[in-house]
Every structure is written in C-alpha cells, then in structure tokens.
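As they're listed, the protein sequences go chains C and P.
By the count of my numbering, the first sequence reaches residue 591 at its end, each step adding exactly one.
By the count of my numbering, the second sequence reaches residue 398 at its end, each step adding exactly one.
Don't read these hints as lab results, they were simulated from the structure.
Nothing false has been slipped in among the hints.
Not close to chain C: a few residues of chain P, all C-beta gaps over 10 Å, as computed: (1) Y147; (2) R224; (3) L269; (4) T380.
Taking lysine-lysine pairs in the DSBU-like style, the calculated list, with each CA pair at most 30 Å apart, reads: (5) P:K188 with C:K479; (6) P:K264 with P:K340; (7) C:K414 with P:K34.
Since the model is a prediction, treat every value here as computed from it, not as a measurement.
Idealized CB from N, CA, C, for every residue including glycine.
Now for the letters of each chain:
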Amino acid sequence: MTLSPALPQGGGRRVDPAVAVTAVILWALLGLFILYPLGMMLYRVLSDGQGGFTLSGLATVLTNKHNIRAFWNSLLLAALVGSIGTVLGFLFAFTAARARLPAWLLMVIDAAVLLPLVSPPFTTAIGMIFSFGPRGLITYELLGLKGVTVYGLTSTMFSEVLTYFPIAYLTLRPILAAIDSNIEGMAMSLGASRWKVFTTVTLPLCVPGIANAFLLLFAASLADFATPLILAGNVFPVLPTQAYLQITGLFDLRGGAALSLALLFPALAVFLLQRYWVGRRQHVTVTGKGAGSTPFDSISPGARVALLTFCASVTIIVLYFYALLLYASLVMAFGANHTFTLTHYRVVFGEGMRAVKDTLFIAAIAMPLGGLYGLLLGYLVAKKDFVGKRSMEMVSMINYALPGTIVGIAYLIAFNDPPIELTGTALIIIACYIFRYGPTGIRATIALLSQIDKSLEEASAGLGAGSSTTFRRITLPLVLPAFFAGLGVVFIRSMTAISATIFLVSLSWTLVTVKILENMTELALGPAAAFSVLVVVIVFVVIGLIGWVLRFFRAGSMRVTSILGG
Amino acid sequence: MDVIAPVRVQIEGLSRRFVHRVKGEVYAARDVTLDVAPGEFLTLLGPSGCGKTTTLRMIAGFEKPDAGRVLFAGEDVTYLPANQRNIGFVFQNYALFPHLSVAENVAYGLEMRSIAKAEIGKRVAEVLELVGLRGYEHQFSSQMSGGEQQRVALARAIVIRPRVLLFDEPLSNLDAKLRVQMRDEIRDLQRRLGITTIYVTHDQEEAMAVSDRIVVMNQGSVLAVGTAHELYHRPGSEFVARFIGRVNLVPAKVKEVLLESIRVEALGAVVEVGMAPRVAVGDEVRLVLRPEAIVVTPAVAVTPAKAGAQGGELDPRLRGNDNAHWTAKVASRVFLGEKMEYRLDCAGISLHIVRYNAGPAEVLEEGATVGLRVIESAVSLLPKEGV
Numbered sequence: 026m027t028l029s030p031a032l033p034q035g036g037g038r039r040v041d042p043a044v045a046v047t048a049v050i051l052w053a054l055l056g057l058f059i060l061y062p063l064g065m066m067l068y069r070v071l072s073d074g075q076g077g078f079t080l081s082g083l084a085t086v087l088t089n090k091h092n093i094r095a096f097w098n099s100l101l102l103a104a105l106v107g108s109i110g111t112v113l114g115f116l117f118a119f120t121a122a123r124a125r126l127p128a129w130l131l132m133v134i135d136a137a138v139l140l141p142l143v144s145p146p147f148t149t150a151i152g153m154i155f156s157f158g159p160r161g162l163i164t165y166e167l168l169g170l171k172g173v174t175v176y177g178l179t180s181t182m183f184s185e186v187l188t189y190f191p192i193a194y195l196t197l198r199p200i201l202a203a204i205d206s207n208i209e210g211m212a213m214s215l216g217a218s219r220w221k222v223f224t225t226v227t228l229p230l231c232v233p234g235i236a237n238a239f240l241l242l243f244a245a246s247l248a249d250f251a252t253p254l255i256l257a258g259n260v261f262p263v264l265p266t267q268a269y270l271q272i273t274g275l276f277d278l279r280g281g282a283a284l285s286l287a288l289l290f291p292a293l294a295v296f297l298l299q300r301y302w303v304g305r306r307q308h309v310t311v312t313g314k315g316a317g318s319t320p321f322d323s324i325s326p327g328a329r330v331a332l333l334t335f336c337a338s339v340t341i342i343v344l345y346f347y348a349l350l351l352y353a354s355l356v357m358a359f360g361a362n363h364t365f366t367l368t369h370y371r372v373v374f375g376e377g378m379r380a381v382k383d384t385l386f387i388a389a390i391a392m393p394l395g396g397l398y399g400l401l402l403g404y405l406v407a408k409k410d411f412v413g414k415r416s417m418e419m420v421s422m423i424n425y426a427l428p429g430t431i432v433g434i435a436y437l438i439a440f441n442d443p444p445i446e447l448t449g450t451a452l453i454i455i456a457c458y459i460f461r462y463g464p465t466g467i468r469a470t471i472a473l474l475s476q477i478d479k480s481l482e483e484a485s486a487g488l489g490a491g492s493s494t495t496f497r498r499i500t501l502p503l504v505l506p507a508f509f510a511g512l513g514v515v516f517i518r519s520m521t522a523i524s525a526t527i528f529l530v531s532l533s534w535t536l537v538t539v540k541i542l543e544n545m546t547e548l549a550l551g552p553a554a555a556f557s558v559l560v561v562v563i564v565f566v567v568i569g570l571i572g573w574v575l576r577f578f579r580a581g582s583m584r585v586t587s588i589l590g591g
Numbered sequence: 012m013d014v015i016a017p018v019r020v021q022i023e024g025l026s027r028r029f030v031h032r033v034k035g036e037v038y039a040a041r042d043v044t045l046d047v048a049p050g051e052f053l054t055l056l057g058p059s060g061c062g063k064t065t066t067l068r069m070i071a072g073f074e075k076p077d078a079g080r081v082l083f084a085g086e087d088v089t090y091l092p093a094n095q096r097n098i099g100f101v102f103q104n105y106a107l108f109p110h111l112s113v114a115e116n117v118a119y120g121l122e123m124r125s126i127a128k129a130e131i132g133k134r135v136a137e138v139l140e141l142v143g144l145r146g147y148e149h150q151f152s153s154q155m156s157g158g159e160q161q162r163v164a165l166a167r168a169i170v171i172r173p174r175v176l177l178f179d180e181p182l183s184n185l186d187a188k189l190r191v192q193m194r195d196e197i198r199d200l201q202r203r204l205g206i207t208t209i210y211v212t213h214d215q216e217e218a219m220a221v222s223d224r225i226v227v228m229n230q231g232s233v234l235a236v237g238t239a240h241e242l243y244h245r246p247g248s249e250f251v252a253r254f255i256g257r258v259n260l261v262p263a264k265v266k267e268v269l270l271e272s273i274r275v276e277a278l279g280a281v282v283e284v285g286m287a288p289r290v291a292v293g294d295e296v297r298l299v300l301r302p303e304a305i306v307v308t309p310a311v312a313v314t315p316a317k318a319g320a321q322g323g324e325l326d327p328r329l330r331g332n333d334n335a336h337w338t339a340k341v342a343s344r345v346f347l348g349e350k351m352e353y354r355l356d357c358a359g360i361s362l363h364i365v366r367y368n369a370g371p372a373e374v375l376e377e378g379a380t381v382g383l384r385v386i387e388s389a390v391s392l393l394p395k396e397g398v
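Based on the sequences and whatever the hints tell you, model everything.
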C-alpha cells in the first residue's frame with residue numbers, strides 16, 4: 026500500500042508525501058483516461074482542420090432533420106421510461122417495505138428484480154422479439170396474428186422499463202424502509218386514514234427519492250444503446266444508435282462524435298441535477314430511538330392484495346422472459362423448430378470461445394484494478410486534505426455519468442493515433458471499464474468511510490498504534506466491503522457492457538456482448554440466447570462468490586446488488 | 012492486575028481557538044491550568060460546549076493546543092502523538108472496532124506493544140475477568156448491550172497499563188440505573204489500579220460521585236477547582252453554585268462584620284454567616300442557600316402582625332426548637348419518595364426547600380403558612396449580581 030495516512034488533526038495542513046504522490050498519480054490517470062479523450066473528441070468536432078475553431082461540423086449534423094428527430098425521440102423515450110419505471114419501482118419498493126411479505130417471497134422478488142440488472146444487453150429485447158415478433162410466441166402462436174411489427178417506441182419503452190425499473194426499486198426501498206414507522210403511526214393517531222397517511226406523510230417523504238429514481242432511469246434510458254438498436258428500428262431513431270450507425274455505417278467519425286455530443290448536454294444536466302440537487306434533499310426520518318419491530322398496519326388488506334397481484338404479475342413477466350431465453354437457447358430455431366438441441370452451446374464453446382476467453386481475461390484484469398482505483402480515490406477524497414480534491418472527485422465521475430456512446434467514441438478518437446496508440450489492444454477496453462465503472466467503488470468507499478466514526482482511528486492511536494498500523498488494521502478492513510462491492514460491479518459491467526466498448530473491440534480482442542450483437546444482426550437468435558444465458562450464469566456465480574466474501578466482514582451491510590442501483 | 016506507579020499530570024495554560032461561523036474566533040479552551048496528583052480522580056464538569064472535551068482530547072494528543080503544555084510525570088508530551096503517550100481512552104460511543112471480537116479489541120493495544128502472545132492471552136483473560144466479561148471473548152460489539160460494550164471499552168483502555176486514564180462522557184449512552192452502577196464500578200476499579208484519571212461529564216451528580224476533585228468549566232475557562240464538598244458549600248460564583256446542586260440566592264445587605272462571622276440582613280431578618288469573603292458594612296451580597304439549609308419551624312421571630320398579614324395561623328403540627336427567620340407560604344410541592352420538594356413564597360421571593368420523608372403526618376399542605384429558619388453554618392455569601 027502506498028498510503029501512510031497521518032491521523033486527522035486539527036489545524037495543520039501539511040500534506041503527507043505518500044498522499045501527494047498518490048494524488049499526482051491519480052490525477053495523471055484521470056487526465057489520460059478521462060479528460061484527454063473528452064478533449065480530443067471536442068477538438069475533433071470543433072476544429073476546422075487548420076487549427077481554427079468551427080461549429081460547421083456540429084451544425085451539419087444537428088440540422089439534419091433525421092438527427093433532430095433522434096434527439097427528441099431520445100428525450101421522449103427517456104422521459105417515458107423514467108416515469109413508468111419509477112412508478113413500477115415505487116410500487117415494488119412499497120410492497121417490499123410495507124406489505125409484510127414472508128421472507129421467501131421477498132427473496133423471489135429480489136432475485137427477479139436483480140436479473141435484468143446483471144443481464145447482458147439485448148436480453149429483454151430478445152424476449153420481446155420471441156414474444157411479439159412476426160413468429161412470436163404470443164402474437165403468432167397464441168393469437169395467430171400475422172405480419173406484426175414489434176419494432177418501435179412501444180416495445181423499446183416496454184423493454185427498457187423492464188430492464189431499468191430495478192434501479193428505481195433499489196433506490197426507493199431503503200428510503201421507504203428508513204421512514205420511522207412511528208411517524209406514520211403518529212399521523213394515523215391524529216386521525217388520518219391509511220390513504221391519507223400515504224398521501225400526506227409517506228409519499229411526501231419519498232419525493233426526493235422519487236426524483237432521484239426518475240433521473241437515474243432517465244439517464245439510463247438516454248444512454249441505452251442495445252435495446253433501441255434491436256427494437257427501435259428505422260421508425261424510431263435515437264441518438265446513441267444514430268451515432269453508432271454514423272460511425273460504423275458511414276465511417277463518419279466526426280459526425281458520430283458530433284451526434285454523441287448532442288447527447289452530452291441532457292446527460293450532464295441530468296447527472297448534475299441528480300447529484301447536487303436531489304442528492305442533498307433526502308429527509309432524515311430516523312428520529313432518536315427507532316420504532317424497531319413495532320408492527321404497524323400501513324396498508325389495508327385490499328390494497329395489499331392489489332399490490333401483491335401487481336408485483337407478482339411483473340415478476341412473472343420478467344421470469345417468463347428469462348425462461349424464454351433459456352428455452353430459445355436449447356431449441357433448434359425458436360418459432361420454427363422446437364426440437365431440443367445443444368447446438369447453440371456448441372457454437373458458444375466452439376467458435377465463440379475466443380470471445381468468452383477475451384471477455385473473462387479483460388474482466389479479470391479490470392476487476393482488481395478497478396476495485397483498487399475506487400478504494401484509493403475514495404479514501405483520498407474522503408479522508409485526506411489536499412488541493413483539488415473536490416475537482417478530483419468530480420472528474421472521476423465524468424465517464425460514469427456520460428453515456429457509453431460518448432465515452433467509446435472519445436476513446437476511439439483519442440487513442441487511435443500517436444502519441445498514445447491503444448486501438449486494437451486489450452488495454453483500451455480495460456481502461457474504459459476501470460474509469461467508467463470504478464466510480465461505483467469510489468462512492469461505496471466514501472459512503473462507508475463516512476459511517477466509520479473518527480473515534481475508531483483515535484482509539485487505535487490511543488492504544489499505541491502508529492498511523493500506518495491504524496490504516497492497515499482498522500481502516501482497511503472496514504472499507505474492504507466497499508472494495509469488494511466495487512470490484513463486483515466492475516466485473517459485472519465488464520461482462521455485460523456494450524455501449525462504449527462496441528467502438529473499442531478489434532480483430533484481436535472481442536467481447537461476448539459484441540458476439541451477441543453479431544448473432545442478433547445475423548438473426549442467429551439461438552446462439553445469441555445461449556451466449557446471454559452463459560453471461561447470466563457467470564455473473565450470478567461471481568455475485569455469489571462476492572457475497573460469500575463479504576460475509577466475512579462484519580462492518581456495514583454492503584451488498585453488490587444494493588449499489589448497482591446508484 | 013498490577014498496580015501501576017501513579018503519574019502526576021500537569022496542564023499549563025492550555026488554549027485552543029477555532030473560528031465559529033457566527034461568533035468569529037472562539038476559545039474552545041482558554042488558558043486551562045490544572046495539576047492532577049498521582050492516582051487522583053479528577054473530573055472536568057461543565058455544560059456542553061464548555062471546552063471540557065477539547066481539553067481532554069488535548070491531554071490525549073488527539074488535538075494540538077494553540078498554546079500551553081501537557082506534562083506526564085514532568086515529561087513534556089504536548090507534541091507527542093497520541094500513540095506514544097501511553098494513555099487509556101474511553102470514548103462516549105465506546106469506539107469498539109466492529110470487525111474485531113471482544114478479545115481482539117482488548118488485545119489490540121498489547122499487540123501494538125509487541126508483547127508475547129502467551130502474555131497477551133493471559134492479560135486479556137485477566138482484564139475481562141476484572142470487568143466481569145469472562146466468556147465474552149469471541150463476541151462482537153454488535154451482539155452486545157451498551158453496558159457490556161462499555162466494559163469492553165474499559166478493559167481495552169486499562170489492559171495496556173496506561174500512565175493516564177481518560178474518560179469522555181463514558182456513561183451518557185447508558186440508562187439511568189446502569190449509569191449509577193457503572194460509575195461505581197469505574198470508581199472502584201480506578202481506586203484499585205491507582206491510575207491517574209481525568210474524567211469528563213456534564214452530569215454534576217456523576218461528577219460528585221466519582222471524583223476526588225472537580226473542575227468546573229464554562230466557555231473554555233476553568234471557573235473553580237475543588238472537592239465536591241468545597242464546591243457545594245463555597246461555590247465562589249453563581250455559575251458554580253447553580254451548576255453543582257440546586258440553590259436559592261437571596262439578596263442581602265451586610266450589617267455588621269465580626270471577628271469570625273458576618274451579620275447580614277435578608278428579607279427583613281438578620282442572618283449570621285460564618286463562611287464569607289472579604290466584605291464591608293453596607294455591601295450588597297447574596298446568600299447561598301442550599302435547599303436543605305432552610306428548615307421549617309413553627310416559631311416566628313418576625314413581628315406577629317407581619318406573620319398575620321402573610322396568612323393566618325401557623326400549622327400546629329410543626330415542631331421546632333428555634334426561632335424562625337422568615338415566614339412563607341407553601342406554593343407547590345413534589346413528592347419524590349424519600350423526600351418532598353417544596354416551592355415556597357417568601358416576601359416575593361421564591362424559595363426551594365427539601366424535607367426528608369418523616370411520615371405522612373409531616374407533610375405541609377399547599378397554601379399553608381410556615382416559619383423558615385436558615386441553618387447558619389451551611390450558608391455562604393456571593394457578591395451582588397453582576398459583580
């Protein structure tokens with residue numbers, strides 16, 4: 026460990042040399058892998074090629090009618106997904122927190138809700154095509170409809186809502202759970218009906234959380250590349266797919282970059298709103314001694330049945346999609362020939378094996394580095410005093426906040442030519458993952474450190490431990506859960522991400538998710554389903570392992586799933 | 012456990028400033044000077060924000076003073092980091108390491124001193140026995156009650172045989188019954204081990220129960236130092252009088268200065284006071300009357316006409332063998348089991364007195380008129396208000 030932190034002390038602002046060195050190294054990395062690519066992309070879009078500044082590149086792209094439509098489509102889709110997904114997430118969270126479900130039912134809901142979060146892209150899209158496509162299970166087999174088009178706004182929205190509503194659930198459930206039930210009981214004792222309690226106490230207390238969930242979903246939908254690529258089709262173009270097609274179809278890197286810049290402004294606005302406005306408006310409702318296990322009937326039996334029925338239906342739809350995926354991976358050709366076969370898995374473990382190995386290799390490298398990056402930067406920002414630490418935290422969040430399309434295009438532009446030529450290497454993909462998904466670990470570390478009372482480190486010093494011993498024996502073990510959680514997120518995303526890395530894969534290094542996309546475009550849905558099943562299995566195994574490791578640490582209750590939401 | 016050679020702690024002119032958002036520059040501690048005798052139990056007492064915790068943290072080395080020195084056994088430790096001072100510190104929130112078991116928590120300080128494993132095991136077992144936690148070795152703090160956690164924190168602090176034991180409001184997270192029990196345990200343990208101890212609390216009763224001497228602080232400064240007896244009977248300032256125990260402050264005027272006492276006139280009666288600061292005839296002063304220093308008596312020294320004007324006949328059940336200084340009317344009372352607290356109205360001044368329970372017949376009725384006599388030997392004087 027390069028850190029030998031001094032005890033936090035009153036007046037002195039002497040900077041520990043170890044802290045200074047670490048900060049300088051981190052700044053160099055942030056500069057190279059976050060600021061430099063972004064700068065290069067802006068330069069490429071705004072430069073006229075002779076060292077001058079021009080808006081013509083941007084103007085050409087942004088005055089194109091098709092692209093203007095794509096811009097408004099993106100916002101419309103994001104707003105719809107944000108609203109519907111938040112409502113869905115709230116109902117789930119409310120049911121989980123208030124309906125007094127038996128433990129096993131909560132676990133089923135949690136697992137079903139977790140599935141979309143850790144799945145490779147296209148999963149729900151594949152399910153939509155299998156169900157509602159021209160030869161779909163529901164449209165064709167069940168209803169006997171012919172010539173149905175599944176492509177367009179409705180199915181894209183439906184698919185994205187199913188994929189992203191768990192984010193809202195994970196954001197809102199802790200907020201609902203943290204509302205002291207005495208507060209609701211108090212309102213009831215003052216004469217309010219259950220519905221009145223809900224509308225005048227519970228709901229208002231959740232408003233900041235609801236706003237937060239909406240913004241998170243809005244951002245996720247805005248950045249989503251995989252779903253619209255498959256389901257939106259030509260009728261409903263959106264920005265991320267337009268930028269991708271501009272580059273891969275028309276080989277117009279500058280145009281693609283300009284398009285992705287159009288995405289940057291709404292994405293940045295949403296991120297800043299979420300972090301610096303809504304994030305600071307959470308109500309604290311834990312007042313002194315909590316109600317503990319005091320039972321409280323906050324919902325009527327009828328409402329309970331309605332909520333349960335609703336959640337069960339949604340859960341069944343999610344599970345149905347995944348059952349469909351598994352089934353499709355095991356039959357010859359879904360919708361035409363339902364003979365059982367392992368052919369598709371032979372493809373996966375045959376010609377597809379290279380992509381699987383590449384993905385695992387890249388994930389295995391990115392995982393520890395991303396975890397370490399999150400731990401170091403989080404520790405430095407939370408515990409140390411040095412010039413520019415606020416801006417360091419801000420900069421570290423940029424790649425996390427921006428849609429993957431922008432990050433991917435920026436990397437493509439920045440690292441294609443000397444001085445730093447990384448295109449075609451595994452390093453470019455690894456770096457992309459570390460700086461795009463490491464911030465989850467940073468936030469987890471900061472959150473955990475803020476829970477650790479200063480007196481713990483003082484107690485250690487008082488007992489005779491030096492500052493490095495205190496760090497090693499007290500602080501480090503207490504933040505390790507954040508390290509493992511951050512590590513888990515980097516791994517999961519390395520297995521499932523596509524929006525940024527679609528621009529970074531090469532002949533020498535490819536990824537499973539890209540393989541799934543290739544199979545989808547060739548209409549080889551069987552192998553696509555088999556690849557997806559494999560990814561889901563690997564991710565679940567790794568989550569299980571990390572959960573097992575986390576159980577060894579008694580501090581806090583950090584769960585990988587709980588930080589996937591933020 | 013072995014008795015540790017006690018250490019003298021001297022604090023000289025310790026000051027610490029900080030900048031307050033509204034008040035500007037404020038002293039958290041201002042020129043605090045204390046001399047703690049070897050093996051003494053000293054308590055820093057004061058309201059929240061009085062600087063007692065800041066002072067303690069500077070003694071521990073968690074904070075650096077802007078001025079002044081801290082000496083342990085004559086050695087200047089002002090700039091010695093906390094981990095080299097050999098102190099035992101007990102935090103208000105206990106600060107148990109949540110990822111370590113009870114035994115590991117207690118062993119932590121011993122490991123820092125590179126003590127052999129076998130010896131560590133022996134000493135951990137010994138100290139856990141001492142604080143009554145044998146069998147708790149493999150528990151974690153999250154599984155324990157507040158009182159048990161408190162004992163672990165105590166064991167962890169004393170097992171290293173510290174030169175000085177420091178407590179920062181260690182009992183404030185416990186319920187009232189446990190607080191009394193733990194404070195007695197802390198006091199017994201400290202006596203047995205003989206470690207010089209500095210203890211911070213805002214609870215005057217706790218301070219009186221455990222301390223050899225009490226330091227009363229307010230707004231960063233030391234107002235008074237003394238035993239509980241001295242501070243209670245001769246508070247020296249209104250703040251101390253009001254902070255330690257309950258008090259009636261009655262305005263009075265010096266009538267006569269005698270060789271060993273002073274006669275003052277208060278509420279129309281003459282009271283002779285033994286313990287008094289330097290005063291001259293004609294000075295305005297205040298009598299410091301503790302609730303138990305005023306007793307109820309049937310006899311009336313003041314003019315009968317005046318007594319009659321105050322509300323008729325005295326209660327015939329009252330027994331006393333001395334003349335009353337004043338008459339007063341019972342305004343309200345609170346029954347507390349072993350005692351009854353009364354609020355009396357005496358010539359426009361509200362007096363608070365306490366009578367120990369001598370059976371239901373001795374209870375004074377609300378509205379009754381009684382005579383009051385001051386126990387003169389228990390009275391002291393303060394200068395006039397605002398001086």
